[in-house]
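Protein chains: 4
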Amino acid sequence: MVPRYARPAMTAIWEPEARYRIWFEIEAHATEKLGELGVVPQSAAKALWDWWATNPKIDVPAIDAIEAVTKHDVIAFLTWVAEQVGEEARFMHQGMTSSDVLDTTLAVQLARASDILLEDLDLLLAAIKRRAEEHKYTPTIGRSHGIHAEPVTFGLKLAQAYAEFARCRQRLVNARAEIATCAISGAVGTFANVNPQVEAHVAERLGLAIEPVSTQVIPRDRHAMFFATLAVIAGSIERVAVEIRHLQRTEVLEAEEYFSPGQKGSSAMPHKRNPILTENLTGQARMIRAYALPALENVALWHERDISHSSVERFIGPDATITLDFALARLTGVIDKLLVYPERMQKNLDRMGGLVHSQRVLLALTQAGVSREDAYRLVQRNAMKVWESDGALSLLDLLKADPEVTAALSDAELEERFDLDYHFKEVDTIFERVFG
Amino acid sequence: MVPRYARPAMTAIWEPEARYRIWFEIEAHATEKLGELGVVPQSAAKALWDWWATNPKIDVPAIDAIEAVTKHDVIAFLTWVAEQVGEEARFMHQGMTSSDVLDTTLAVQLARASDILLEDLDLLLAAIKRRAEEHKYTPTIGRSHGIHAEPVTFGLKLAQAYAEFARCRQRLVNARAEIATCAISGAVGTFANVNPQVEAHVAERLGLAIEPVSTQVIPRDRHAMFFATLAVIAGSIERVAVEIRHLQRTEVLEAEEYFSPGQKGSSAMPHKRNPILTENLTGQARMIRAYALPALENVALWHERDISHSSVERFIGPDATITLDFALARLTGVIDKLLVYPERMQKNLDRMGGLVHSQRVLLALTQAGVSREDAYRLVQRNAMKVWESDGALSLLDLLKADPEVTAALSDAELEERFDLDYHFKEVDTIFERVFG
Amino acid sequence: MVPRYARPAMTAIWEPEARYRIWFEIEAHATEKLGELGVVPQSAAKALWDWWATNPKIDVPAIDAIEAVTKHDVIAFLTWVAEQVGEEARFMHQGMTSSDVLDTTLAVQLARASDILLEDLDLLLAAIKRRAEEHKYTPTIGRSHGIHAEPVTFGLKLAQAYAEFARCRQRLVNARAEIATCAISGAVGTFANVNPQVEAHVAERLGLAIEPVSTQVIPRDRHAMFFATLAVIAGSIERVAVEIRHLQRTEVLEAEEYFSPGQKGSSAMPHKRNPILTENLTGQARMIRAYALPALENVALWHERDISHSSVERFIGPDATITLDFALARLTGVIDKLLVYPERMQKNLDRMGGLVHSQRVLLALTQAGVSREDAYRLVQRNAMKVWESDGALSLLDLLKADPEVTAALSDAELEERFDLDYHFKEVDTIFERVFG
Amino acid sequence: MVPRYARPAMTAIWEPEARYRIWFEIEAHATEKLGELGVVPQSAAKALWDWWATNPKIDVPAIDAIEAVTKHDVIAFLTWVAEQVGEEARFMHQGMTSSDVLDTTLAVQLARASDILLEDLDLLLAAIKRRAEEHKYTPTIGRSHGIHAEPVTFGLKLAQAYAEFARCRQRLVNARAEIATCAISGAVGTFANVNPQVEAHVAERLGLAIEPVSTQVIPRDRHAMFFATLAVIAGSIERVAVEIRHLQRTEVLEAEEYFSPGQKGSSAMPHKRNPILTENLTGQARMIRAYALPALENVALWHERDISHSSVERFIGPDATITLDFALARLTGVIDKLLVYPERMQKNLDRMGGLVHSQRVLLALTQAGVSREDAYRLVQRNAMKVWESDGALSLLDLLKADPEVTAALSDAELEERFDLDYHFKEVDTIFERVFG
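Residue numbers (full-length UniProt numbering), protein chains in the order written: chain A, 1 to 436; chain B, 1 to 436; chain C, 1 to 436; chain D, 1 to 436.
Pulled out of the complex, with its shape left as it was, chain A reads as follows:
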């Protein structure tokens, strides 16, 4: 976790105190059910909740000190709670194993993290939608291979981003469902010493599903899927970030990250205004992708479990979610305040002497009876001249002067093919598909 790429709400989920609070709740809910089942005195849960109602501070250093001796974090915590609550606390954790607490806690943390990320995505989607509608009909050149292709609108670019993040949102909903399970099944997951009703009770209280079959641990294919999903979302962030970086290039300059008063682009070159936020997002995306890998390697735990996943999750649990939260929020800010330059878009669109209309001429020639191969040759030979003139020549003029072309198409028919609006006639259709 890098503090400058962390926001408080997400960070709070991963702080020791937050984790201990979830531990307590799991233990107390479980003790409650154990009391109902007559396994432990009902007074035990009461004692725990009574103490909890005093809103006690979790003394993290004290727990750490106990762990330094026991070398076991859950035992350290239970010991500390027992010191606070007294006698009745000895009924806690009856028949349970540490993994019941740890894995269910991680489920709660990842579910909470998912909820924040879903909110982030909603804000991002809203920002994209707003800007998409604003620029629904702002003409701009579409580029394939970085080369001018045909006209699109800036709104279409944003609609694409919207559809992509809407898919990401659905993936995260699925990933959250994968991860939000509760396992209270005791050592090696047999429920030998803990009634399955305890699990059902804790699950219900914490808003989790029960884990159908656990082997002491919640199976790590769930976590692999979760972190792989975050990696895919990171890819989509990178795509939009790279798009904006391209648009801000000096020669293109169709859009720019907002540049605040007092900001300095370069210590050496006062004229610089750099797309640093989206460059930064590009790097963060690389990290979030990288975190999926150890999660995938964690799946193959030995037998009923080993603990190699644990050190991995101490890193990626916080790092992947905190960084993704930050990145989504940063991207939302970038989109929200993005400086868009429609005039420059038009200027770029016009700079190739009408080459962007070459396909329409090709089609018109074909429909006028010219073979596809001949039509391609006719258009290409004129297009190449425009290309080589760097847009100084006009494709329309050249075509009008090419007798093989004019043999098939009149001037008026040619001119009709150079109409920009023609390209936007299905923008409504696409917006309808994307935004409903």
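The hints are simulated quantities; they were obtained by calculation from the structure and are not laboratory data.
Just so we're clear, the structure is a prediction, and the values are computed from it rather than from any experiment.
The beta carbon of each residue, even a glycine, is placed where N, CA and C say it ideally should be.
Each hint can be trusted.
Counterexamples of contact, computed for chain B against chain A with all Cβ distances above 10 Å: (1) M1; (2) P3; (3) W14; (4) L37; (5) S43; (6) D50; (7) D59; (8) Q84; (9) E119; (10) Y137; (11) F259; (12) K400; (13) A401; (14) E413.
Which stretches of chain A does chain B cover? Using the computed rule of at least three CB atoms under 8 Å from a CB of chain B, they are: (15) 153-161; (16) 167-178; (17) 230-239; (18) 289-297; (19) 301-309; (20) 423-435.
Following the hints, position chains B, C and D against chain A.
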């Protein structure tokens, strides 16, 4: 693709001829709709389908020869088809762009590959279920950290695998839905020169959804999600493979891969019977995981598209699906014919002098009023003696001889805690959860 | 391996016949030494080499057929050779284990692959050097963050690439040394049944170092380092590929991949000339990077060895080396024939109204006694006007009209700071450092 | 960075204050040389060093507060230093760009981190060597595929680890050399505004090499190679960790991590002693491997530089080095205190009824004139009986009773092949190779 890790049905999907056949179908379906819309003569589609009805052989080398000149695969193919079909073929591809064909084809291929993989998973699930039921009550030691923990049944181990692959199946269903979209939207995806109805028609004929907004290409977040999903499935294969490799270790030998007559385990050591199939699966899982990475990097194409994804997909499209198909089938075979040794399982279970029952004694002591800390200390001090005797001493005997223990529990109460069946009382519950 | 991304010399290394030929040589060299040591009759090696001298064809299908029964590739091969050579062949492989043959063979293959890759790098370095010298003083704008920064020369860009690939070459030399070891140490690597002199003899004949301590297999940290090195080289390929893709963007167009007669850029848009070779290289780089991952996971084999690395290496051995060979050759071709447009470079350099000289003015102001903060402010306020005019305004003119600026610097002093050649005065120094 | 996996010396390198101290030194050394060259007054460096001699505290929050306005870290730092030093400070950073400071600082940090890691490796190598000598002749079973193969010594296992980490050490020496370069070349790396002598001076003072050609930034192929090298070292850590985890398995129990008084293996099962340190190392290795990936993706920066690498390096700079430092130290502790059980090793070695000697019998039969195929068959048929008896039968006894065997070998000749020491006759040779 490594031929020895490839099966014919999956490989066939990726052969050039198969790809060209899908290309043709897309073009012909599109031409059909273009005919209905009056954009091209209706005779065009008829000419195409008539030729197709003759079941023509696709001349791959001829198409390759054309591509060597044009350096463009789709143009090469269209040229070749035109040579076969004649005049009418010039109406093909009207308003479309290569990506319309290529991306929709990849969608068809990945959807077909998914169908095979889903069948593979069904066969694997069936094999696991059969063996799980066979060994529902076969006692075996559960191990955490590779160390004996408490008893489980071999059926439970398999139930866990079943639940995991059932999740994998659902993930693949989701991934298939992600990938099975059709884009016929023309250059930069605006439908400027191709009516959206063409897309809808082709999609319907090929069993695909329409792509709501494409930027000439189908967005690569879909593919990233697809290959990430295969990577997760690979992780689950690895988990089961590693489990079997552990079980076959000389000192454990609770299960073994089937060893066929004539097979030689080692060129140097005639006594060897090695778990080579599951070791092999472990390596294949590493590959399938690796293929997800470039798919994730492919998401951030430039602007409306660049073609950097293409070389990646020429590798991972076939390699990931063919290898996963092979791995799933191999794992099914391993499970199906797995030699299971219940006697050895029992022997291993018994070898630690009853240590596996330590927790039940701990709980009994607590319930008899001993503090948790004291109970832990009492059990641990006896358990450590058994441990150090390598199972020669019996925990039950030692406990019976420990006055601090017997002050809380009678001999009968102690003996009751060493009952194996106690651990299996919820096996039915778990099987019900998993197999329904 | 994707045939279109494969060249014959590298592919040949990985063909079954090539592998079997190396197997034979290892066995024959070993038998030779065993004969000298009196372990086997000296006639055995003679029989083997006599047969070999007949230049026999390796009957791959026949060996495959034997393997189908034995399920062991080395035994299958030995059996087939015995069928060809007769009685004396039974002395082959005495005291050896399959891994002795397989791992030493892989070492030979990777060493040979490295030799081809080193040649590829030499050709690439030569091409870069030639173009660097050609454009040593061709002015072009340097860009940080995609934004115009200050002038560089196109030769400097290429010098950077040269230095980077020279480092890559040294890394590959190191990686080759890592991998080129011979292990003939018998089962579990103890030399119990094979004299270490056999290993030394085979190593010397094959141009390998001896493996100081093997555990039946050559340790896989060596291979991990090798494939990680290829991944780094791939990163450098990607860097140059991305640079060229940027330079070919329509708005930039300072360089272009060679576009051959007859080539078609787009099936739909006849005007397109796309940087498809470098896009293609970008994708290939992703693959080569991905192959390093399973190599890293292969290191942790179990005990004296398991065979999980084997399936991985059947993929990445050929795929990583063949693809890298292809990519290096392709990049060499791209550099060699790259169309460079110095006029367009100059035009782009000029388009920002002299903003690229802002730093020099800043420094001049500071040296004239203005505080750094004030100097920055003065330059920035004029630079921003130029920026907003899209280069229509001239920074020099604005500065001359700014009384706070002219209070510190005369017109002549200002003009002096707008000299392009000033930026190139150390080009010689840098070329000397890079090319010697 | 996870605090529990961090040690102070390595962590200190990455703290903001440490970074700022290096920044200052670079700026002051550079100003010194600029003074000598007459670019700035010589008094400037004097003022800086005089202030530095007062051992001033770096006020990190104050610098952060300035950065919050300027959004530029180096400018914020320079501003703060100017506030402390006064007037003369304005000459700092003359002709330099932020990257000169940032990249050279990272070089210093990674070089220092490397020095710690090299010390870590030396301590690890010393620990391995000590235990290797201690167990040079401790017999233990060698295992391939997890299956008993032939005898080795525990010292040989450790010699293998020693050789592997000795290679890792050399790789790290190479990686350190890759990374320890200094670039003070100004905007876009042309030295236009800063004399190359400044770079040479700073490099010499900081113990770095000069960067032959930089493009404002130090090229990221160097960093990719560095982090890839750490990833390979992580693989070797994982290998040894997995070995120990295997050895500690209940059924194997040939070695154990030290179990300290007061330690609790399981909250639920008091009998557990788990290899948690090596499991933990396994997870850490996964992380260190993962960090290499974004470093590889960082290579392809745009043009003369973009800043996408920066966010990545804020994570992996500290995380990879801190975690690797911790892991190496932890592994050293594990090796140092590893509980080794030679009796159990012997017991395991004996448990297969002499099967481990099968190869020697095979060779003896061959040498006695039996064909290789027949010899294999004869040994295998007896070996399989022993195998199926789970070691209750003795291979030697069975062979003596097999007339086809005894036709070739006498009882005495057979017995001679069951001598354990035979396997260790080259241990000296191997130790000599490894330890010199």
